[in-house]
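A.B. asks: Below are the chains, spelled out letter by letter.
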Amino acid sequence: MIDCDLSVAAPPVSALRDHLDAYWRDSVTERGLRSLEPSYEPPAGVPRRPEPEPGTTLAVVRPVSAIEALHAEDLAAALAGALNDWVRVEWLDRDPRLRGSITVAPQSPERAVSEIERVAGDHRFVQVLLPVRGEHLLGRRLLWPVHDACARHGLAVAVRPGGNVGNAITPVGWPSHLVEDLASQGQAYQSQVASLVLEGALDRHPDLRVVLVGSGVTWLPALTWRLDKNWKGVRREVPWVDRPPSESLRRGVRMTVRPFDAPPEAFVEVLAHLGSERMLLYAGGDGPVPAVDYDENARQTYARLRD
Amino acid sequence: MGPAAEIPAGGRRIVTVGGRSIGVFNVGGEFFALRNACPHQGGPLCQGVLSGFALPGQPGEYRYVRRGEILRCPWHGWEFDVRTGRSCIDPATTRVRTYPVELIPGPYIAETYEVTMEGDQVVIEV
Amino acid sequence: MATLIATGLVDCDVHNHPASDARLRPYLPERWRRHLERFGARTRHGLAQGFPYPKATPGAARVDAWPPGGGPPGSSLSFLREQLLDPLGVSFAVLNCLHAGSSQLDPELGAAVCRAVNDWQAAEWLELEPRLRASIVLPYDDGPLSAAEIDRVRGTAGAAGFVQALMLVRTVEPAGRRRYWPIYEACERHGLPLGIHFGGYGGHPISSSGWPSFYLEDHTGMAMAFQAQLVSLVLEGVFERFPGLRVVCIEGGVAWLPALAWRLDRLYDELRDEVPELLRRPSEYLREHVWMTTQPVDEPERPEHLLQVFERIGRDRLLFATDYPHWDYDDPVRAFPTPLPAGLRERVYAGNALALYGLPERPAP
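Protein chains in written order, with my numbering: chain L, 3 to 309; chain F, -7 to 118; chain Y, 107 to 471.
It should be emphasised that the hints constitute simulated quantities derived from the structure, not laboratory data. No experiment lies behind these values; they were computed from the predicted model shown. Note that the Cβ used here is the ideal one computed from N, Cα and C, for glycine as well. The reader is advised that the hints may include incorrect statements.
[To be verified] With a straight-line Cα cutoff of 25 Å, these simulated SDA-like cross-link-like pairs (lysine to any residue) come out:
1) Lys161(Y) <-> Ala125(Y)
2) Lys234(L) <-> Val41(F)
3) Lys234(L) <-> Arg143(L)
4) Lys161(Y) <-> Leu47(F)
5) Lys234(L) <-> Pro246(L)
6) Lys234(L) <-> Ala125(Y)
7) Lys234(L) <-> Thr86(F)
8) Lys161(Y) <-> Thr85(F)
[Unchecked claim] Among chain L residues calculated to face chain Y with C-beta under 8 Å, some are:
9) Leu180
10) Ser186
11) Asp230
Take these sequences, add in the hints, and give me the full structure.
C.D. replies: Structure representation (structure tokens):
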């Protein structure tokens, strides 16, 4: 089984010291920056040393950090680079079953591209992580250089939970509870999908795959119905979208299957509404998930797993 | 229907023929007739804006062609080619009924018949 | 239309609009008339007139809905009768006036304009047409002012014509927050459903990654705003605190609700100790307290998928609405990609709305 989402807590910043140059090493120490733990997960909610499930042949490691929360792009880029080197040394070098995710600082598309260029030569890295809540929607043109770099190197764009850069998680402001925040991430994913397809970003690179990590999955059919309906009437606002959005989405978007919002009794219905079993990627965890050909889907999604 | 001059270029007239509402359009001197009902939800298509078509292309590219030849339903904005009645988003299967329009030299003198009333019956002598 | 539904159609979302601001002047005190002349109406977006996402059509209206006698769509009662009420066999239509009074930055001004709109609705619509009912428009981001307006309207001679209190979905804070509770208390007190309608300007981008580029995204994103409000109402425990509260989501579409309920249940099972005031799973509150208008009805590639979604939401919770005179209007016969089966049809087109709003089968002559 190919596990496409083995999440692992980013280490304390002190553990990244060996991967930072002298300026940033002293800087993080002298300024007391100790942790990149995100506020949008329960405290210590992400495991530090997860073991792949028995039977796992390959697993894509996803370091969980709030890299986007730092406002200085140079600091964020330095830490993103350190995190990637840490993934390589502490995970990929230690277990041949593991594959990596590239952390980039989305504060600067330019710096993000540089980091992708720096790391992409190591083909064990298979995707680039971007937060579902960013300063800009992912379809926006200022982020296209990041998409282009991913396409150039056969890397998937992985949209992962989290991010918190000033905009409220909901269109109606800040909710009180963590559980509301997590519920509302479903809407954050919906916005990103709409942006990617309507801005034409998804169709620019027919081979590029966007993987929605931990999105909950089952909100997608209702969104595609609404997008298709609206496109039929207001197509002329985005003339480059030359087919129903559902077509582009089914081709370009993939989703890790855990968590799966719907209960087992609804699996058959949800898969029929999705209209494609090819979109689902396995992710380890507890509880039942729909039975589809996950390994084939993973190989179709990640060019670098086909090597 | 009447003298062609009554529908100027870019203009239209909606008429009822055999119980059907039909829009007749003058597109640069050519005439086209379409059923006044959108195949989507039945909106009065021929009352819609006659506009142009933004061609598919690269994001940020707006190639705007065929001004005055694309009829947009007044309800949901579905676009139709006024020349063919075909939907712009699904030309293969979604189309509105078109009718041939013929321009015949006039003027006409219509034949008239005598109409009389016999009790409550209307009688036309042919 | 008689074959569609014998009892007559109940249209749960129709928009009336003053022909011009001058039409509201007689209902405004001199102090606020002068204020508007000198300072204008101010909302949370940058344009004095129009919309930052220009709509699909002028005023977001059906192109054929401009009254022949002039004025904007929705401004003529006679044309409303001619284009909607008569041909569709409407027995009742619920007016949801989307005048900008509700989202004024100055809450006192907003309250004054909402009072004027409500009095204008009573005098110029409800008095004149027995098939019409209306929502009480509110300066909804101010709970106490809104509750006071509900109380005031319910004390007027025309109170019976108002069957609902109205918020727009894009609030300043999530709807479960304390500032809105006085509205829910007032709704309970008067037995009025609370309508939450598409639109509004709360100042927050429609996406958590900022403002999207296109009207298409804004319109699509509105469904996410509804989702956010239901998340907040349920998880803040509003339905535990106000067990009589009935919420109607108007013009949010419908298909997203089952998926949202699943997501909330999953998260509740995992994190319920964060919200201990909730005694039941979120899906149970949604099933009991939430109604949905069907417009803009979702158009899945396979029509039976829509019926599956309807069954999950609940046959007794769906309300037909046209959204007349707006461009994304739903025609009662043709909007659904498949005819509604008997049993569901009567409920959606009339029965559920009659029960919710406490309406008789037919308008009093």
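A.B. asks: Does the structure keep Lys234(L) and Thr86(F) at a Cα separation of 25 Å or less?
C.D. replies: 12 Å, holds
A.B. asks: Tell me if the straight-line CA distance from Lys234(L) to Pro246(L) falls inside 25 Å.
C.D. replies: Judged against 25 Å, a Cα distance of about 8 Å means the pair holds.
A.B. asks: Are Leu180(L) and chain Y close enough, Cβ to Cβ, to be under 8 Å, as the hint says?
C.D. replies: Holds - the Cβ of Leu180(L) comes within 8 Å of chain Y, reaching about 6 Å at its closest.
A.B. asks: Tell me if the interface restraint on Ser186(L) is satisfied: Cβ within less than 8 Å of some Cβ in chain Y.
C.D. replies: With a minimum Cβ separation of about 6 Å from chain Y (threshold 8 Å), the hint on Ser186(L) holds.
A.B. asks: Given the hint that Lys234(L) pairs with Ala125(Y), test it: the Cα-Cα distance must not exceed 25 Å.
C.D. replies: 31 Å, violated
A.B. asks: Checking one constraint from the list: CA of Lys234(L) to CA of Val41(F), max 25 Å. Satisfied?
C.D. replies: With Cα atoms ~16 Å apart, Lys234(L) and Val41(F) stay inside 25 Å; holds.
A.B. asks: Just to be careful, I want the Cα atoms of Lys234(L) and Arg143(L) compared with a cutoff of 25 Å; is the pair within it?
C.D. replies: 23 Å, holds
A.B. asks: Against chain Y, with CB atoms and a cut of 8 Å, does the hint on Asp230(L) hold up?
C.D. replies: This interface hint holds because 7 Å falls under the 8 Å limit.
A.B. asks: Between the alpha carbons of Lys161(Y) and Thr85(F), is the straight-line distance 25 Å or under?
C.D. replies: 28 Å, violated
A.B. asks: Given the hint that Lys161(Y) pairs with Leu47(F), test it: the Cα-Cα distance must not exceed 25 Å.
C.D. replies: Satisfied, since the Cα-Cα distance of roughly 20 Å is no more than 25 Å.
A.B. asks: Does Lys161(Y) pair with Ala125(Y) here, judged by a C-alpha cut-off of 25 Å?
C.D. replies: 20 Å, holds
Hint check: violations occur at hints 6 and 8; the rest are consistent with the structure.
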